[in-house]
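Using the sequences and the hints given, assemble the complete structure.
Chains as they are written, first to last, in numbering that gives the first Met the number 0: chain A, 0 to 501; chain B, 0 to 481.
Don't read these hints as lab results, they were simulated from the structure. Being a predicted model, the structure only gives us computed values, none of them experimental. There may be inaccurate statements among the hints.
Among chain B residues calculated to face chain A with C-beta under 7 Å, some are [unchecked claim]: (1) Gly397; (2) Ala419; (3) Leu463.
Using N, Cα and C, we set each Cβ at its ideal position, and we do this for glycine too.
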Amino acid sequence: MTPGLLSVVTFLPAVGAVALALVPRRLEGVHRAGALLVAVATLAVSIPLWTGFVGDSADFQFEEVFRWLPSLGVSYHVGIDGISLLLVLLTTFLTPVALASAWYAIEDRTKEFVITMLLLETGMLGVFVSLDLFLFFVFWEAMLIPMYLVIGVWGGGNRIYAAVKFVLYTMVGSALMLVAILALYYQHGAATGVYTFDVPALARWVLPPGTAQNLMFLAFALAFAIKVPLFPFHTWLPDAHVEAPTAGSIILAGVLLKMGTYGFLRFCLPLFPDASIAFAPLVFTLAVIGIVYGAWVSTVQPDLKKLVAYSSVSHLGFVMLGLFTLNQQGLVGGVIQMINHGLSTGALFLMVGMIYERRHTRLISEFGGLWKVVPAFSALFLVVVLSSLGLPGLNGFVGEFLVLVGAFQVSGWLAAAATSGIVFAAVYLLWMYQRVVFGEITHEANRSLADLTPREWAMLVPLVVFIVWIGVYPAAFTGKTEATIAALIAQVQSKASVALAR
Amino acid sequence: MIPAPPVSLSVLLPVLIVLGAAALVLVLDVLPPRTSKAHLGGVALAGILAALLVAVGRWGQEGRAFRDMVLLDGYALFFDVIICYAAALVVMLSMDYLARTGHESGEYYSLVLFATAGMMLMASAGDLIVVFLALELMSLSLYVLAGLFKTRLTSGEASMKYFLLGAFASSFLLYGIALIYGATGSTNLDRIAASAAAKGPEPMVLAGVGLLLVGFGFKISSVPFHMWAPDVYEGAPTSITALIATGSKAAAFAAMIRVLVVALRGAQADWSALLWVVAVVTMTVGNVVALAQSNLKRMLAYSSIAHVGYMLTGLVAGGSQGAGAILFYLLAYTFTTIGAFGVIGLCSRAGEEAVDVGDYAGLARRHPLLAATLGLFLLSLIGIPPLAGFVSKFYLFGSAVRAGYIWLVVIAMLNSAIAAYYYLRVIVYMYMREPAGESMAVAPSFAGGLALAIALVGIVLLGLMPAPFADLAQAAVAPLIR
Numbered sequence: 000m001t002p003g004l005l006s007v008v009t010f011l012p013a014v015g016a017v018a019l020a021l022v023p024r025r026l027e028g029v030h031r032a033g034a035l036l037v038a039v040a041t042l043a044v045s046i047p048l049w050t051g052f053v054g055d056s057a058d059f060q061f062e063e064v065f066r067w068l069p070s071l072g073v074s075y076h077v078g079i080d081g082i083s084l085l086l087v088l089l090t091t092f093l094t095p096v097a098l099a100s101a102w103y104a105i106e107d108r109t110k111e112f113v114i115t116m117l118l119l120e121t122g123m124l125g126v127f128v129s130l131d132l133f134l135f136f137v138f139w140e141a142m143l144i145p146m147y148l149v150i151g152v153w154g155g156g157n158r159i160y161a162a163v164k165f166v167l168y169t170m171v172g173s174a175l176m177l178v179a180i181l182a183l184y185y186q187h188g189a190a191t192g193v194y195t196f197d198v199p200a201l202a203r204w205v206l207p208p209g210t211a212q213n214l215m216f217l218a219f220a221l222a223f224a225i226k227v228p229l230f231p232f233h234t235w236l237p238d239a240h241v242e243a244p245t246a247g248s249i250i251l252a253g254v255l256l257k258m259g260t261y262g263f264l265r266f267c268l269p270l271f272p273d274a275s276i277a278f279a280p281l282v283f284t285l286a287v288i289g290i291v292y293g294a295w296v297s298t299v300q301p302d303l304k305k306l307v308a309y310s311s312v313s314h315l316g317f318v319m320l321g322l323f324t325l326n327q328q329g330l331v332g333g334v335i336q337m338i339n340h341g342l343s344t345g346a347l348f349l350m351v352g353m354i355y356e357r358r359h360t361r362l363i364s365e366f367g368g369l370w371k372v373v374p375a376f377s378a379l380f381l382v383v384v385l386s387s388l389g390l391p392g393l394n395g396f397v398g399e400f401l402v403l404v405g406a407f408q409v410s411g412w413l414a415a416a417a418t419s420g421i422v423f424a425a426v427y428l429l430w431m432y433q434r435v436v437f438g439e440i441t442h443e444a445n446r447s448l449a450d451l452t453p454r455e456w457a458m459l460v461p462l463v464v465f466i467v468w469i470g471v472y473p474a475a476f477t478g479k480t481e482a483t484i485a486a487l488i489a490q491v492q493s494k495a496s497v498a499l500a501r
Numbered sequence: 000m001i002p003a004p005p006v007s008l009s010v011l012l013p014v015l016i017v018l019g020a021a022a023l024v025l026v027l028d029v030l031p032p033r034t035s036k037a038h039l040g041g042v043a044l045a046g047i048l049a050a051l052l053v054a055v056g057r058w059g060q061e062g063r064a065f066r067d068m069v070l071l072d073g074y075a076l077f078f079d080v081i082i083c084y085a086a087a088l089v090v091m092l093s094m095d096y097l098a099r100t101g102h103e104s105g106e107y108y109s110l111v112l113f114a115t116a117g118m119m120l121m122a123s124a125g126d127l128i129v130v131f132l133a134l135e136l137m138s139l140s141l142y143v144l145a146g147l148f149k150t151r152l153t154s155g156e157a158s159m160k161y162f163l164l165g166a167f168a169s170s171f172l173l174y175g176i177a178l179i180y181g182a183t184g185s186t187n188l189d190r191i192a193a194s195a196a197a198k199g200p201e202p203m204v205l206a207g208v209g210l211l212l213v214g215f216g217f218k219i220s221s222v223p224f225h226m227w228a229p230d231v232y233e234g235a236p237t238s239i240t241a242l243i244a245t246g247s248k249a250a251a252f253a254a255m256i257r258v259l260v261v262a263l264r265g266a267q268a269d270w271s272a273l274l275w276v277v278a279v280v281t282m283t284v285g286n287v288v289a290l291a292q293s294n295l296k297r298m299l300a301y302s303s304i305a306h307v308g309y310m311l312t313g314l315v316a317g318g319s320q321g322a323g324a325i326l327f328y329l330l331a332y333t334f335t336t337i338g339a340f341g342v343i344g345l346c347s348r349a350g351e352e353a354v355d356v357g358d359y360a361g362l363a364r365r366h367p368l369l370a371a372t373l374g375l376f377l378l379s380l381i382g383i384p385p386l387a388g389f390v391s392k393f394y395l396f397g398s399a400v401r402a403g404y405i406w407l408v409v410i411a412m413l414n415s416a417i418a419a420y421y422y423l424r425v426i427v428y429m430y431m432r433e434p435a436g437e438s439m440a441v442a443p444s445f446a447g448g449l450a451l452a453i454a455l456v457g458i459v460l461l462g463l464m465p466a467p468f469a470d471l472a473q474a475a476v477a478p479l480i481r
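Shown next as structure tokens:
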């Protein structure tokens with residue numbers, strides 16, 4: 000049997016990691032270049048997924064099924080639909096950027112670093128392509144360890160605390176999810192006679208509403224809510240972001256947080272539709288609290304990275320808001336907002352990392368007047384900041400607008416409160432930008448800063464291209480995902496009404 | 000006149016091979032060359048491997064001997080394989096370890112072999128008397144081995160503690176056997192089951208079950224009979240700690256499962272309710288106390304107590320699923336734990352064994368391969384996929400969820416999350432801290448390295464391709480549970 004395209008994309012980084020493990024440690028250049036090559040190759044291999052994907056179809060595409068543990072009904076089942084396609088491409092796109100950002104920033108144990116990053120990429124891709132709960136859980140847990148090492152080994156001063164906190168939060172969440180997976184498996188098996196972890200099969204089955212479904216929903220939701228992170232489970236995030244190296248922050252913000260929102264979409268909504276509808280007001284409220292709270296806390300941060308980290312809490316709140324509107328605009332907006340946040344916040348972390356490399360500080364008060372010294376950097380930084388605060392014409396606007404359109408159909412008051420988050424986003428981002436870039440140069444050290452290098456241009460230009468592309472012509476991206484979302488909503492509603500009819 | 004029982008030694012062949020090797024080691028010990036004992040380790044290893052091959056070759060056969068006192072079945076053979084793997088890896092780890100610490104001796108290897116024979120016999124016991132005899136053969140050998148480092152105070156303390164508490168536990172076991180014999184008129188497992196089924200529940204049987212559980216609880220180190228474990232694990236030579244943590248635990252589980260599900264099936268409602276509580280207390284106490292340990296051997300001792308708690312959930316769940324999951328778990332746990340102790344046995348600092356977690360600071364920088372190896376064993380103990388520890392937990396907790404013990408599994412999973420903290424702390428030291436003071440020395444050892452490689456391949460293989468092994472474990476327990 001030959002592995003399909005999706006398996007090649009998923010495991011190419013891991014294969015590259017194994018190959019690099021055999022290269023002697025002292026050849027640091029080989030490790031850096033080799034890892035980047037592998038990541039770029041993975042990106043190249045993943046492009047046919049985009050071109051070959053039929054956007055009109057809600058079915059899983061590029062599917063592969065091999066029996067893995069037949070006695071348990073576990074198979075290696077992978078496939079992508081309109082939701083996971085975008086996230087897979089986001090992952091393959093951001094990983095080379097992250098590796099390139101670490102070119103000079105990571106000097107200690109380069110070999111281990113690049114191997115860890117490549118294994119992390121395989122883990123993340125595995126999460127997005129798995130269509131078997133067992134397989135999904137394997138990837139979900141396995142990718143924890145590389146991220147833990149990235150934060151804990153290559154992070155800042157308080158890195159160990161941050162890394163352990165990150166792992167323990169996630170493990171507690173996923174512990175209960177595993178129980179729920181097993182419970183669902185046996186309940187499905189007892190009801191239908193077919194014992195399987197296959198997600199499409201489980202999603203077709205109507206789980207009777209009631210306490211069991213609610214508890215399973217909550218167990219899954221806790222695991223995902225911690226990952227998103229949904230208020231009030233967000234406290235690990237600022238620590239992890241601040242301590243992680245730039246490459247780690249890009250991946251953490253760009254891809255890892257999306258695993259939580261993706262989990263809600265892929266598992267919570269179709270598997271537990273009644274519970275999803277029942278708990279939607281709660282999630283909705285928490286999302287709005289997160290939007291406003293994240294924005295307020297961002298405003299007062301003295302540290303650039305912490306500011307961006309809290310802004311993630313706010314932006315991911317929009318995603319959650321969109322998903323739990325359970326209508327077409329909200330869900331499409333939520334999915335696009337996932338991609339937007341990955342691009343914008345990934346770019347923000349990247350640029351914060353660039354000035355940190357030059358000045359070795361991230362305190363806003365240490366900067367000021369950068370436009371005069373590094374105009375190119377400042378201009379691109381402006382584009383990224385504007386995209387993050389949702390300026391029309393750039394990507395952030397599209398997602399937030401759709402989410403709010405969806406949200407107003409559900410609750411005008413909560414949507415209005417969420418809209419204030421956009422205003423506050425303008426406040427904290429523009430105020431930060433003003434203090435960093437405009438005004439007089441207040442610190443002599445800033446006078447000699449170097450502007451963007453070719454390597455930095457190469458990382459930023461693709462990001463900015465996508466930021467503008469999605470902002471100007473979002474249909475190229477929403478077109479791939481709309482059919483899937485429509486089918487998902489139909490599935491949720493039909494399952495919920497079947498359960499009601501009983 | 001009592002007719003002489005038919006003798007069919009072939010049923011006992013794997014045990015006899017190990018005993019023969021033990022005798023051979025004793026004889027060779029007094030023959031030249033007197034200066035080196037390395038060849039004795041080779042003889043012991045050969046004996047264990049021969050027994051392993053015989054056990055594997057007999058898969059599928061059934062037999063009984065000595066008036067049903069000794070059984071040959073898939074269940075016994077599965078445990079024979081686990082125990083032989085454990086013993087073989089321990090012998091390989093011992094060879095250089097003993098030479099380095101200056102305690103190389105012939106009786107070490109023969110005692111390991113005697114203990115191994117006792118463990119294997121426990122798995123094939125069809126009679127409570129054989130259970131007791133085999134348990135004593137194993138225990139007495141281990142008592143001596145724990146005190147092997149005669150000049151080290153902790154080693155003597157370990158041996159003494161293990162002996163006194165062990166003898167106490169054995170007497171509980173014997174008392175329980177006596178009560179059950181009194182109530183049912185037999186020590187044979189099948190006949191006890193038949194008699195109990197005919198007479199219905201009797202207080203004397205229940206009292207006997209309780210006392211048996213005390214005896215077995217001591218050997219598997221379940222709370223509240225776990226007090227000896229940390230001191231013994233800490234004081235005993237590391238290779239023997241590995242054997243106590245894996246082989247003797249597996250053997251005690253083997254006897255316990257067989258006695259409970261075959262002979263005392265009638266009282267299942269009683270012992271499974273009791274074990275529910277024991278499981279929860281054991282895993283929680285093990286994990287919480289392990290959080291506070293800075294000595295790696297003590298930490299692994301408490302972690303092994305916690306793992307016993309997990310395994311007991313399989314017994315609570317019952318059925319061939321639950322028991323089969325325990326067998327698979329023991330297989331995975333054996334590879335993982337021996338590997339972890341094996342790495343510790345290779346590390347030393349300032350002439351002393353490196354057992355403090357601080358000794359491992361910065362290990363990844365100087366010995367990246369060894370650090371990665373220990374890291375993988377620890378990740379498997381946490382239960383991170385795709386390593387053996389994850390899959391075995393999955394099977395185990397799956398069986399409990401299937402039987403309806405959702406809350407037990409919730410507690411167990413939360414415990415696993417707590418446990419992640421102290422395992423990860425070792426990884427924190429190895430990868431994220433810099434060494435202080437004299438750096439750690441790692442002894443080069445071909446046999447030890449090979450043993451670690453085997454254990455590593457074992458946990459990866461069991462993690463990625465668990466199906467054949469898990470199916471074998473199910474097949475092994477299926478005949479017990481009719």
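For each hint, the structure was consulted:
no.	hint	in the structure
1	Gly397	holds (5 Å)
2	Ala419	holds (5 Å)
3	Leu463	violated (9 Å)
Figure legend: structure checked against the earlier numbered hints; the only hint not met is number 3.
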